[in-house]
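S.K.: Residue 88 in the working numbering is what sits at position 88 of the sequence shown, and the numbering runs on without skipping anything.
One or more hints might be untrue.
[To be verified] Simulated pairs of lysine to aspartate or glutamate, EDC-like, Cα-Cα distance not exceeding 16 Å:
{"hint": "1", "residue 1": "K83", "residue 2": "E96"}
{"hint": "2", "residue 1": "K97", "residue 2": "D167"}
{"hint": "3", "residue 1": "K83", "residue 2": "E153"}
{"hint": "4", "residue 1": "K156", "residue 2": "E105"}
{"hint": "5", "residue 1": "K156", "residue 2": "D9"}
{"hint": "6", "residue 1": "K55", "residue 2": "E91"}
{"hint": "7", "residue 1": "K78", "residue 2": "E184"}
{"hint": "8", "residue 1": "K75", "residue 2": "D151"}
{"hint": "9", "residue 1": "K156", "residue 2": "E91"}
{"hint": "10", "residue 1": "K78", "residue 2": "E153"}
{"hint": "11", "residue 1": "K80", "residue 2": "D100"}
{"hint": "12", "residue 1": "K22", "residue 2": "E12"}
{"hint": "13", "residue 1": "K80", "residue 2": "D34"}
{"hint": "14", "residue 1": "K182", "residue 2": "E91"}
{"hint": "15", "residue 1": "K22", "residue 2": "D34"}
{"hint": "16", "residue 1": "K80", "residue 2": "E96"}
{"hint": "17", "residue 1": "K80", "residue 2": "E66"}
Worth flagging that the hints you see were computed from the coordinates, not collected in a lab. Treat the numbers as computed from the prediction; the structure is a model and nothing was measured.
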Amino acid sequence: MKIYTKTGDQGETGYIGGRIPKNSLLIHCVGELDELNASLGFACSQLTGNRSITKNLNQVQNNLFELGGIIANPKLEKSKQQKLTSVLQEEVSNLEKSIDQLSAELPELQNFILPGGSLAGSSLHLARSGCRRAERAYAALLENPPVSYLDTELVKLGLIYLNRLSDWLFVAARWVNQRDEKPERLWHQAT
Numbered sequence: 001m002k003i004y005t006k007t008g009d010q011g012e013t014g015y016i017g018g019r020i021p022k023n024s025l026l027i028h029c030v031g032e033l034d035e036l037n038a039s040l041g042f043a044c045s046q047l048t049g050n051r052s053i054t055k056n057l058n059q060v061q062n063n064l065f066e067l068g069g070i071i072a073n074p075k076l077e078k079s080k081q082q083k084l085t086s087v088l089q090e091e092v093s094n095l096e097k098s099i100d101q102l103s104a105e106l107p108e109l110q111n112f113i114l115p116g117g118s119l120a121g122s123s124l125h126l127a128r129s130g131c132r133r134a135e136r137a138y139a140a141l142l143e144n145p146p147v148s149y150l151d152t153e154l155v156k157l158g159l160i161y162l163n164r165l166s167d168w169l170f171v172a173a174r175w176v177n178q179r180d181e182k183p184e185r186l187w188h189q190a191t
């Protein structure tokens, strides 16, 4: 099978519900999730010696594929929606537990910190900012859903997942930088 189809050359793309403009909120959101997933893949490539963070990132990448499929599939069966709702709720809980575990090993934040540190830590900070961008696109999609099937508990839970994921990426970046012995750089107010 060829990778190119030429069917998108006029500014539309196919999804399960038919054809849709590439600049639609739905496709924009799916694209942001894809871009976030790619940045997480890059972050994974920079992590060495920490299987738990890498394992979490691999799970997150799979979850993002599911999330993209959920918002792009108007024909998702009710039973599948219920199962995915349960899975996504569990994944939100897993992120919260991991945030608490990693945070317990970090000094309490007293100031804003600047993104950076080791290559691995910096890549997690970059992924975090990409996650926030995906979260904004997802929120815009929910605010102006182009199709009625997006008004479900499962789809709304995706926004919660992205919010928690960005928090986890922030804490994971701090934790990796501490492990890599890269001190946090504090933000200093100009005045």
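S.K.: So, for every hint listed, does it hold in this structure?
M.R.: Right, here's what the structure says about each hint:
Between K83 and E96 the alpha-carbon distance is near 20 Å, which puts this suggested pair outside the 16 Å criterion. Between K97 and D167 the alpha-carbon distance is near 12 Å, which keeps this suggested pair within the 16 Å criterion. This hinted pair checks out: K83 and E153 have alpha carbons roughly 12 Å apart, not beyond 16 Å. Under the criterion of a C-alpha separation no larger than 16 Å, the hint pairing K156 with E105 is inconsistent with the structure, at around 32 Å.
In summary, the hint linking K156 to D9 is not supported, as the alpha carbons are separated by about 32 Å, beyond the 16 Å threshold. Proximity of K55 to E91 is assessed by CA-CA distance (about 13 Å); at most 16 Å being required, the pair is judged to hold. Annotation: proposed proximity of K78 to E184 is violated, straight-line Cα distance about 46 Å (limit 16 Å). The hinted pair formed by K75 and D151 meets the criterion: a straight-line CA distance of about 13 Å does not exceed 16 Å.
Restraint check: the Cα-Cα separation between K156 and E91 comes to about 14 Å, which is no more than 16 Å; the hinted pair holds. For the hint pairing K78 with E153, the CA-to-CA distance comes to about 11 Å; that is within 16 Å, so the pair holds. At roughly 30 Å between alpha-carbon atoms, K80 and D100 are farther apart than 16 Å, so this suggested pair is violated. The hinted pair formed by K22 and E12 meets the criterion: a straight-line CA distance of about 5 Å does not exceed 16 Å.
For the suggested pair K80 and D34, the alpha carbons sit about 22 Å apart, so the restraint of at most 16 Å is broken. About 29 Å separates the Cα atoms of K182 and E91, which puts this hinted pair outside 16 Å; it is violated. Only pairs whose Cα atoms come within 16 Å are accepted, and K22 paired with D34 is accepted, the gap being roughly 14 Å. The straight-line distance between the Cα atoms of K80 and E96 is roughly 24 Å, outside the 16 Å bound, and the hint therefore fails.
Taken as a hint, the K80 and E66 pair is honoured in the structure, with Cα atoms around 11 Å apart against an allowance of 16 Å.
Hints 1, 4, 5, 7, 11, 13, 14, 16, counting from the list given before, are not met by this structure.
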